[in-house]
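Protein sequence lines correspond, in order, to chains A and B.
The first sequence maps to residues 1 to 371 in our numbering.
The second sequence maps to residues 372 to 635 in our numbering.
Since the hints were made in silico from the structure, they are not lab data.
Hints are supplied without guarantee of correctness; some may be wrong.
[Said to hold, decoys possible] The list that follows gives simulated cross-link-like pairs (lysine-lysine, DSS-like), each with its CA atoms no further than 27 Å apart:
(1) Lys613(B) to Lys237(A)
(2) Lys344(A) to Lys139(A)
(3) Lys612(B) to Lys577(B)
(4) Lys237(A) to Lys431(B)
[As the list claims (entries may be wrong)] Quick partial rundown of chain A residues pointing at chain B, CB under 8 Å, derived from the structure:
(5) Thr215
(6) Tyr217
(7) Tyr226
Backbone N, C-alpha and C define an ideal beta-carbon position, used for all residues, glycine too.
Residue strings, one per chain:
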Amino acid sequence: MRNSVVNPMFSFGRFQQVFFTLREVIKIAFRARPRLLTAVLILNAIWGFSAVPGFYLEKLIIDSLVSGFKALDLSQVFYRVATLLGFALALSLFRNILGSYNRFLRRTLSRYVDSELDVLVGNKISRLRLSVIENPEFKDRFNKVQRESGRRAWGLMMPLSDVPNYIFGFASAVAILIIVNPLISVGILIFSIPRFFLDSKYIKKDYDLDTQMSTKYRIWGWLRYYLVENRNFLELKLLRLTDYLTKRLKGISSEIIEKRIELNKQREISSFIGHVPLTFYDYAISLFLAFQVILGKITVGSFQLYLRSLRSAEENLGGLVSSFLEIYENYIYVVDLIWFLNLKEETIKSDIKGELVKEIKQIEFKNVWFK
Amino acid sequence: MYGSNEELVKEIKQIEFKNVWFKYPRTKNWVLKDVNLKIALDEKIAVVGENGAGKSTMIKLLGGFYIPKKGEILIDGINLREMNLDIWRSQLAVLFQQFETYPFSAKDSIGYGDIERVENFEEVVNAAKKTGIHDYIEGLPKKYENPLAPEFEHGVNPSMGQWQRIGIARMLFRTGAKLLILDEPTSNVDPQAESDIFNELARITKNKILIFVTQRFSTVRIADRIFVLDDGRIIEQGTHKKLMELAGKYKKLFTLQAEAYLSS
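Same shape as in the complex, but just chain A (with noise of 0.2 Å):
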């Protein structure tokens, strides 16, 4: 029975763990909504895609602007601004509209998937065995997943729905930095992998510090309990334990903020840290597009979209990393939700002797041993 109960975590590597909880979160939210799934992830595509075309855009317009200065016909030269303005104008207003109604949607789904979550939780907990129920690991991990579901689910919603955006912007925006040189990609790859580096060492010392805080915040939610939402505030007042559990809550509470803040401290230092290699990597990038510029291998208008198109990838790139990083956040929780719903239920064996319980004649307890 033990072994039905407490299931081994799952330890396999971190990516693994991160496209782990990825196959699990995406199955239950197609379960939920398959239809509302699907579009959340195109339309998050269609909106990271779109942002390259505006630098495009961008770059047309300085080149008209800069060849305009020579032009005869000031005119010819304005309506062609103004056109390709018209066309920017266009462009942001259908980003505005999608991302709006992606934030709907999103929205949306969270709002499924939390529901399915309890429709889930609700109906498997009542088909398991009672001395599964009672059992106080099984009790201990059901808390924690039932405390969770209602902020996972948005926690996780987020991040999956940020994924198709950040991929499909950071490979247009690599796309555009191919032509100048395909190296410019690899680099913003390279030198972004101190930042993943200690972002990912300072989640899983979040991990650490939540893990070794655990019976402390337990503490902190009963005394918030006994003082909040006290089954019998008669007996609190009678006792006048107020100021004692008050006191004992604050005391609690501060120790596990001022951990908490230290490990916050350090987890900001090391993250300007981490990016100040991107920064001189995109600082030595512009200076070398700039020269191209001066050289006349290349016009103001694509120094700007190059230039644009950098950022942009690292910033997809990073929002990349960031999402898989919370899907990683969430990794405990899902494991901890796969193995209650997979967990062995109460096997009902009607169909086997059906027959033989239609008319009850006698009940024996034949060297019953139970503990």
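Knowing the structure of chain A, use the given hints to seat chain B on it.
Positioned in the frame of chain A, the structure of chain B alone reads:
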């Protein structure tokens, strides 16, 4: 408005309900109707009656958690309204029907009965022994430091009967209290433990007042006087013998329960 008459509650000699009427805020029905009773020091009082008769409400009024709509509650002749509630409540040890189950440790769960003395381990153990829960606690992996909720490491999940004993121990740890009140204290405790607990309560009630609300007639005999509440009114009062002779509601309820035990 409650006053600050500190001297009045140092020694309780008599508690009196005088024409007390009460109904809960925003409700129409009277829960207590013209209740009159007097309880003296050293007395052990049982309050019996069916569900909804108003038994628990009497305790709430006595704790000053609600004020009678009509009539008054007098402590040695002084209206409870005029008294400093903090000081008055420091004289009470109450086990409510829905008492709280504190999970942090067995020691805390008992010690919270008197927060000023929560670190007095010897007294905590004494209180636990009086309700027969000491052996259970000693058998836990971390003994008195053991959490009483499975969410914590080594945490256990005491049964309702075990919780009741812990709750009574918490009440008994409040040694300074002059008025001990128990609302359905042993409804989940086995008969032997129930008998032990009531014997202990009877023993420690010297120079105190004990009031216990119950629906289990096996325990009421230790009471010096029994009040029978019915639909908010005290309809009978007296000793067990007297009430049996009266052949009223008490006898009917007592016989009903006794028959259930004896019929087999």
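Structure-based check of each hint:
1. Lys613(B) to Lys237(A): Violated, at roughly 38 Å.
2. Lys344(A) to Lys139(A): Roughly 15 Å separates the two Cα atoms, so the pair holds.
3. Lys612(B) to Lys577(B): Between Lys612(B) and Lys577(B) the Cα gap is close to 23 Å, so the pair holds against 27 Å.
4. Lys237(A) to Lys431(B): Holds, because 12 Å separates the two Cα atoms, which is no more than 27 Å.
5. Thr215: 6 Å, holds
6. Tyr217: 10 Å, violated
7. Tyr226: 7 Å, holds
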